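Asks: Protein chains in written order, with our numbering: chain A, -7 to 297; chain B, 248 to 532.
Bear in mind the hints are in silico, worked out from the structure with no lab data behind them.
Among the hints, erroneous ones may be present.
As the list claims (entries may be wrong) - Just a sample of chain A residues kept apart from chain B, beta carbon distances all over 10 Å, derived:
| no. | residue |
| --- | --- |
| 1 | Leu15 |
| 2 | Gln69 |
| 3 | Leu210 |
What the hints assert, rightly or not - Among chain A residues calculated to face chain B with C-beta under 8 Å, some are:
| no. | residue |
| --- | --- |
| 4 | Gly16 |
| 5 | Gly141 |
| 6 | Ile142 |
| 7 | Pro190 |
| 8 | Ile199 |
| 9 | Leu257 |
| 10 | Phe260 |
| 11 | Leu263 |
| 12 | Ser272 |
| 13 | Ser283 |
Keep in mind it's a predicted model, so treat the numbers as computed, not measured.
C-beta atoms are modelled at their ideal positions from N, C-alpha and C, and glycine is treated no differently.
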Amino acid sequence: MTVSAPDAAAIRGSRGFGPDAVLGALLVSPIVLTMAALVFYPMSRTVWDSLHRVNPMQAGRPFVGLENYSRMLSDAQLGTTWINTLIYVVLAVVFGTVFGVLAAALINQIKVGRQWVLAAVILPWALPGVVNSVIWLWIYQPGAGLLNGILSAFGLPFENHVWFNDRTSAIIAVTVVHVWRMMPLTIVIVLAAMQSIPAHLYEAARIDGATRIQMFGLVTLPLVRSAIAVAMTNATVNAFNLFDEAWVLAGSSLETRPVLVQIYLETFQNLRFSYGMALSVVITLVSLLISLVYVLRVYRNTRFD
Amino acid sequence: MKPTYLYRLMIWVGIAVLLIWSLGPIYWTIASSFTPTDDFSVRPIHFFPQHLTFDHYARLLGINIARIGGVEVFKQFRAALVNSVVTSVAATFLCVAISALGAYAFTRLEFPGRKVLFVLVVATLAIPAYAVLIPLYQIMINLHLVDTYVGVALIYVSAFLPLSLWLLRSVFEALPIALEEAAQLDGAGRLYIFFNIVLQLAGPGLTAAAILTFLGAWGQYLVPLIFSPQATKPLTVLIPEFVTKNFVDYGLITASGSIAIIIPALVVIFLNRYLVSGLLAGSVK
């Protein structure tokens, strides 16, 4: 017994708050301190400083209004990185969702060893992104890599093929690593929804003479639709956050450079702090907006169901 | 519907493809880490190492270096391994402790501003890390916390706290309140109830929160790249450094990668149930 009754009563009497209120405030104070100092204050600083010129190499922090934002419009490099990021998002969401749903459906069909298959499937997600990236860096390696080794074993002309010499194959190569890492999340979310579908629905469909494919299209898919939307939201936000894969596989190469790497380079190599912050504000807003669109759609869908 | 042979075969072929896709790259990394460098470019490719060697690990761990005449990377590697473990464990412990205390307050105690505060904290789940990174860098420089365990661990705590708090609050809310009320009638104080009843019952939830925080901290790259450049450099920052412009030491990369895989693999093998429940709770935020 840590809080004794007389003490609690004394607190109540003297401050006008119940003992629960005092204890509650005490218990959440570490959270308040951490979040205020390391999240809320820096967040407002990001917004505030993006309206100033902050550069450790230049004295003073003059107010520049929206100059950092208007500069983005004429920044050709930035344009390229935005296009790259959008390509990553579209490719990663499409492939991650299509194959993730298929994989979940497959795992849902087996009864023996399901938890082992699930553990194996989750493993790529659990690894550090950097380790994922170096695993694939080694697979893509031109002279000794696994990919060229397999392709040339089939007699294809891929000895010493450099996958990062061509923008299309480089972007696909980065996307494959990202999908390899993030698809498990889609699988887990969709599989959980599939497992909660009551068996009698399939029974009814079977009595009506539905084939397995019809069951999948008419029973399974509609019932896991909101789970798929949740998975797609996660996939979108994760693809916007793509950094490790592009950075480790292709460094600062503009052909594969996503916006996040651009922010990192502008901030910590070119030392344009305030420009980096303006970019962070924009990409945060875009990624919030996209999540919001998904959430609203799911909300509407589930309400009508 | 009785599954036909063909149907069952198709399912298992599909599962096999899925397993090869998921585990193949990991197998290849581990196999390569035991392959002598000279065998790397042998064609046609061998899926099983033809000769086994422990040289890459010997170089990493500083065992019998003189015999191989290898590069002295083991000091860096050991430091990075220790740094990764220290920062991840510290961040996990702090994060779960803070969020457990907070989650209890948010579920069972009435205090002013309770709802607003909870929503504010959990809403930061949607805020990407880079929205705070640059000012955070300036703060950490001013506090002399760049390249210290305290600085990095605190950043991890602030990054993973919202998820952990969200998870633990839903766990605590699901606990039967009758037990706590009975204890209260017997005269037990709030903190006694928290430590002796709530925490005992919330074991799986605490495990899930700890796993998610630990794996998140263990895998961080961008944050330590900025905040742990030298003395506290973790494995994730060290491993890509084996990739230099002129020469990529794939022996070191695959061996160090394999070592970095061990802990997440153990978690997935033994604690997958908690991991999945945590992932589900976290994704439906």
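Asks: State for each hint whether it applies.
Replies: Results of checking the hints against the structure:
Listed as outside the interface, A:Leu15 is inconsistent with that label: its C-beta sits roughly 6 Å from the nearest C-beta of chain B, within the 10 Å cut-off. Distance check on A:Gln69: its Cβ is at least 17 Å (rounded) from any Cβ of chain B, clearing the 10 Å threshold; non-interface status holds. For A:Leu210, the shortest C-beta to C-beta distance to chain B comes to about 15 Å, beyond the 10 Å cut-off, and the non-interface label holds. At its closest, the beta carbon of A:Gly16 sits 3 Å from a beta carbon of chain B; the interface hint therefore holds under the 8 Å criterion.
A hinted interface residue such as A:Gly141 counts as satisfied when its beta carbon comes closer than 8 Å to some beta carbon of chain B; here the least separation is about 3 Å, so the hint holds. A least Cβ separation of about 7 Å between A:Ile142 and chain B falls short of the 8 Å threshold, and the interface hint therefore holds. Annotation: A:Pro190 was flagged as interfacial toward chain B, and the flag is violated, the nearest CB pair being 16 Å apart, outside 8 Å. Using the Cβ-Cβ criterion of 8 Å, the hint placing A:Ile199 at the interface with chain B is not satisfied: the shortest such distance is roughly 10 Å.
The criterion of a C-beta within 8 Å of any C-beta in chain B is not met by A:Leu257, whose closest approach is roughly 12 Å, and the hint is violated. A cut of 8 Å between beta carbons decides the hint on A:Phe260: the least distance to chain B is about 7 Å, and the hint holds. At its closest, the beta carbon of A:Leu263 sits 11 Å from a beta carbon of chain B; the interface hint therefore is violated under the 8 Å criterion. Taking 8 Å as the C-beta contact cut-off toward chain B, the hint placing A:Ser272 at the interface holds, the least distance being around 5 Å.
Interface restraint check for A:Ser283: the shortest CB-CB distance to chain B comes to about 6 Å, inside 8 Å, so the restraint holds.
The structure is inconsistent with the numbered hints 1, 7, 8, 9 and 11, although it conforms to all the rest.
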